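Both chains are sitting in their own frames, so use the hints and assemble them into the complex.
Listed below are the residues making up each chain.
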Amino acid sequence: MLKVEKTFETRELNVNMGPQHPATHGVLRLVLDIDGETIVKVTPYVGYLHRGIEKLGESLSYFQALPLTDRMDYVSAMSNNIGYCVAVEKLFGIEAPERAKFIRTIVGEMSRIANHLLWLATHALDIGAMTVFLYCFREREWILDLYEMICGARLTVTYPRIGGVRNDVPQEFLESLWKFTDEFPSRILEYETLIDQNRIWLKRTVGIGVISAEEAVNWGMTGPTLRGSGIPYDIRKHAPYDAYDKVDFDVPIGTEGDTYDRYRCRMLELRQSNRIIRQCIEKLPKGPIMADAPKFTLQPKDAMFPVTHPTKQHAYYIEEKVCKGCGMCLRACPAKAITGEKKKPHKIDQAICLQCANCLAVCKFKGLKIVPGGKGLSEDKLKELAAAPLPEEITKATEHLVEHFTFVKRGPRAPEGELYVATEVPKGELGFYFVSDGSGKPYRMRVRAPSFIHAGCLPRLCVGHLVADVIAAIGTIDIVLGECDR
Amino acid sequence: MTVREIVKRFTFIEIFQGMALTLKRMFSHAVTIQYPKERRHIAPGFRGQHALAKNQAGQAKCVGCGLCATICPSQCIHIARAKGQVDKYEIDILRCIYCGFCVEACPYGAIVLTENYEYSDYKKENIYMKKDKLLSNWDKYMPGKKGEEYFKKFWRPMSDDFGTPPIQAVWRGKKQ
Ligand code: SF4
Ligand code: SF4
Ligand code: SF4
Ligand code: SF4
Numbered sequence: 019m020l021k022v023e024k025t026f027e028t029r030e031l032n033v034n035m036g037p038q039h040p041a042t043h044g045v046l047r048l049v050l051d052i053d054g055e056t057i058v059k060v061t062p063y064v065g066y067l068h069r070g071i072e073k074l075g076e077s078l079s080y081f082q083a084l085p086l087t088d089r090m091d092y093v094s095a096m097s098n099n100i101g102y103c104v105a106v107e108k109l110f111g112i113e114a115p116e117r118a119k120f121i122r123t124i125v126g127e128m129s130r131i132a133n134h135l136l137w138l139a140t141h142a143l144d145i146g147a148m149t150v151f152l153y154c155f156r157e158r159e160w161i162l163d164l165y166e167m168i169c170g171a172r173l174t175v176t177y178p179r180i181g182g183v184r185n186d187v188p189q190e191f192l193e194s195l196w197k198f199t200d201e202f203p204s205r206i207l208e209y210e211t212l213i214d215q216n217r218i219w220l221k222r223t224v225g226i227g228v229i230s231a232e233e234a235v236n237w238g239m240t241g242p243t244l245r246g247s248g249i250p251y252d253i254r255k256h257a258p259y260d261a262y263d264k265v266d267f268d269v270p271i272g273t274e275g276d277t278y279d280r281y282r283c284r285m286l287e288l289r290q291s292n293r294i295i296r297q298c299i300e301k302l303p304k305g306p307i308m309a310d311a312p313k314f315t316l317q318p319k320d321a322m323f324p325v326t327h328p329t330k331q332h333a334y335y336i337e338e339k340v341c342k343g344c345g346m347c348l349r350a351c352p353a354k355a356i357t358g359e360k361k362k363p364h365k366i367d368q369a370i371c372l373q374c375a376n377c378l379a380v381c382k383f384k385g386l387k388i389v390p391g392g393k394g395l396s397e398d399k400l401k402e403l404a405a406a407p408l409p410e411e412i413t414k415a416t417e418h419l420v421e422h423f424t425f426v427k428r429g430p431r432a433p434e435g436e437l438y439v440a441t442e443v444p445k446g447e448l449g450f451y452f453v454s455d456g457s458g459k460p461y462r463m464r465v466r467a468p469s470f471i472h473a474g475c476l477p478r479l480c481v482g483h484l485v486a487d488v489i490a491a492i493g494t495i496d497i498v499l500g501e502c503d504r
Numbered sequence: 103m104t105v106r107e108i109v110k111r112f113t114f115i116e117i118f119q120g121m122a123l124t125l126k127r128m129f130s131h132a133v134t135i136q137y138p139k140e141r142r143h144i145a146p147g148f149r150g151q152h153a154l155a156k157n158q159a160g161q162a163k164c165v166g167c168g169l170c171a172t173i174c175p176s177q178c179i180h181i182a183r184a185k186g187q188v189d190k191y192e193i194d195i196l197r198c199i200y201c202g203f204c205v206e207a208c209p210y211g212a213i214v215l216t217e218n219y220e221y222s223d224y225k226k227e228n229i230y231m232k233k234d235k236l237l238s239n240w241d242k243y244m245p246g247k248k249g250e251e252y253f254k255k256f257w258r259p260m261s262d263d264f265g266t267p268p269i270q271a272v273w274r275g276k277k278q
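Going down the list, the protein sequences come from chains A and B. Sequential numbering of the first sequence, starting at 19, is according to my numbering. Sequential numbering of the second sequence, starting at 103, is according to my numbering.
Bound-form chain B, shown alone (with noise of 0.2 Å):
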């Protein structure tokens, strides 16, 4: 055993070490944040709760066409068409995994991802998403340009991802 080592064993030196840094972590700032006073930055294009499109007029954009039942991976999406309309169009949110691809699937740009996270209830029937209560979300969570906004960036893919678009991230050097 070296001197060094000898030194190390009955100092502590490591111990103390790293009792020095968490008592100066001890003083910068909190990370965690108090949930329900305080809440988090959520990100556009958050993948939450479904809401349906509408278009100008005020009307839901889904013309009820299926591709997006089709191609959800837990099916939860359940159509009715009745007479030239969409009757009824549910999303069973419990079986839901939020990946998307309904957004994605859909060529008529009738249903989008809310930020909306904080959907718990006591009551099953709430949770499960009607028609009247998708559309209102859209009112609720994607009012003014946000819609259009979300379309532009979620709503893929465009044709700027087959080719290359004129403003593209690239990294610009180090900001002096």
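Just chain A, with the same shape it has in the complex (with noise of 0.2 Å):
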């Protein structure tokens, strides 16, 4: 008889999911190990969207650094420029004013209502529920149109900027706001009315990818990943920025932990943000929109015309005697229009100078004179009109125009150290972690990103379910890759 030596067994398989998986939302790999069809083993890779948005921030100014983030978590970018905003405020020390905070908050929560939406319409269309996304997404485009009108973007906004907002909004923002505020209940019942109950829906959420809070805590999910566990921590109520503890919201939290805990979570949230948007609506003080911190923000455009208007025809002229010939204004001027040896008086070809006001703006020895209406005159002439006084309002413009030329090429001053700030953007708690060895750009800048934390939960949350429930735990951590790869 023939002896069996080794009995028939299977292998565990090994199956790549991603990173071009239409329901990975974005370019995210899972390697699964399978026996049969439930999960033994996970290990997710990330980095296909690696863009060093952390360096990048490192190579520009803070002013400048601002759309990076735009591009981050582009779902709800507001969101993520809002934290960087609050973030640099606190570093540099300075107060947005309470107007724009209350902006801010509007359009932060807008853009909760707008990511939580679109969470939804992906999540359930992932699970099957194709409806739900044409609805959803009408109500984002909603959103969109809003942000177009007052910032001419609808997805990279760069609304807020660092001491404030960039500009006011209009009557018929707050207007057509209000009414979507109206209407948006509504709305919300109609997703329920689709999902809520449906018994596909439950089957697929109800009890899969149970985290208990302990659990969640650890592996360190925040945002509604963790209170649908039943963790009610939420960064704008525990240290309120913006306008946050002006407003009355609730916490919404969950009981199992589960996908269907946390879906609940989000539903009562767009609930919330709708609220928020209504008090701060109602509450929207009077008052400016940038900090008045005139080394931490552009310079007001109006305050230079009497310099940079184009019906002035100014001229630019070095005197012999007051100027020391440092040779600053020779290697700022942009057409190479000044010529002159170290420590001898430098001299302005008119013919080549574009009346650019560079050189005005980096001379420290007040050589560097500007002459009023003396564009075409003749050497003598200048020499002549550039030993008058000058009248006021140009050397109040000036003072401008200097601080307007130094903060565009050297970025805003930090002092030094360092600091991180977290805030809570729809998908959890974003952090901007700073070093700052006191020039225009940061030493160091880290962002702490919720997505890429809650892409590591997933092998705890698909281990012992079966491989369609990887899509609905990839829905649930609700994660997007741009931020998780940065």
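If you're looking for bench data, these hints aren't it; they were derived computationally from the structure. Just so we're clear, the structure is a prediction, and the values are computed from it rather than from any experiment. Glycine included, every Cβ here is placed at the ideal spot set by N, Cα and C. Possibly wrong hints are sitting among the right ones.
[As the list claims (entries may be wrong)] Coverage of chain B stretches by chain A, computed from C-beta distances (three or more under 8 Å per stretch; other residues unrestricted):
| id | segment |
| --- | --- |
| 1 | 156–166 |
| 2 | 223–231 |
| 3 | 255–263 |
This is the structure in structure tokens:
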């Protein structure tokens, strides 16, 4: 009789899910070890969308680095912008005025709604409910249109600024937004009619990806993903920034810590955001929208008008007697109109000069003079005019101009030190950590991205479930790979 | 299992509720637009392709100070000067991220972002914006008062932003 030495055995199968899988919400690669249909091990691989945003942030000034944050979590770009601005404001030690804070709270909550709508849309689509997707996008479009109304962009908004916001909101915006908040609760009910009690939805979400409160904390979860497990941790409540301490809202929490509870949490958050927006609109105070911190913000444009207005035809002239020959202007002149040797008076070639004021902004010895209305005059005439005292408005405008040029070229100077500031973005806790060496650029900029940490929790949520539940797990932690990989 | 749950389970009530909603929505207005034929309304101050502003005399306002090129986070503005003039002003549109910082940094109010977002082309050269193209954009997209309006609203900050302007949007209560 034939003797069987080895019994027949099945090996675990090793499957790649992603990076181009339609349900992975971006370029996330999961390597699954499966035993039949059951997940034995999950290994997430991230980094396909790495653009070096942290490093880029170190090579740009604090002001310039703002648009980078749009491109981290592009689904809720506004919240990222706010997170960055709040952090940098702390670093600079300035504070945005009240009105700006309220506006930022409004747009931040709008971004939370937009984010949760996209999350619900794709999560439902992944699980198999197509209609919700279409309905969610209907309202999301509305929000994006409102964004366009205030800042001219829909997705990558770059609207908040360090020390305030870019521009004031128009009256129509408030009216339109109020209309939105009037209508939105009924829209939330629509989504819930479609899926809340739907038996397929319940089968796919209840008891899937359960994580206990203690474990969720240990895995570093934040945001609604954590609150689904029953921990009421919300930075808006615990360390309020902007206007969150002036509005009234609840932090919804779940009990079971499964996919369904996290879904319920986010649905309730939609309602809370709606509530916050309404309160903010009602309370929106009058006042400035930019902090009065001349070294940290751009200068008011109209204050520079006496020098920069197109009707003015000024000339720039170096006074021989005052010029120390330091060569600063020579290096700053983009047209190479200045000539001169070190320690000797420099000279501007009026035929080449563009009247751009770069030289004026760098001269520390007051050797450079602006000659009002002196364009096209002869050298002798300029010399004569330059000796005369300047009108007051020009002197004032020049001060602003110098500040403006310095700000743009060097960036706002931060005090030395390091700090970590966290804000509550729709996905969780977004933290910015800066090490500043006192220059216009951060020495080190580190971003604590919630998506990255949540992607790390995937193995914990998936093991023991079926392959199809991996999709539900990816959906429930609400990750965006742009933010995860940075 | 309560009676209620059993009834729910066998009548498929939640499924029918959902389907009733979809059916109802079938007869409401379409929210989509048929793009090339219909176009969406573009809000003023849209951040699209650039234009170089002209002054009253029809000349370019840009003096070539280079602040826009300095602040541009993606370093896509290239300027060259010769003989007291801006010789070359080019924007590598494909690298631009439409942050609008160039507008804010320019002290001379010489650059704007227009509402043009349809500029795809078969040739790279056509997308690379040269000075004359940027100037013609001004005539095309910012005719009349439009340019002025743009500067008033989006060339920020102005002194108003640091103080309290007389007219500001506030909540005026529900319309009765
Ligand atoms: S105004 Fe501009 S171009 Fe003229 S000398 Fe000064 S820096 Fe050079
Ligand atoms: S920066 Fe002023 S002091 Fe220095 S060389 Fe130029 S004009 Fe003279
Ligand atoms: S919009 Fe931004 S990226 Fe584009 S040219 Fe202007 S500064 Fe550069
Ligand atoms: S900042 Fe304005 S004036 Fe200066 S180069 Fe740019 S567009 Fe021209």
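A quick look at each hint next to the structure:
no., hint, in the structure
1, 156–166, "holds (count 5)"
2, 223–231, "violated (count 0)"
3, 255–263, "holds (count 9)"
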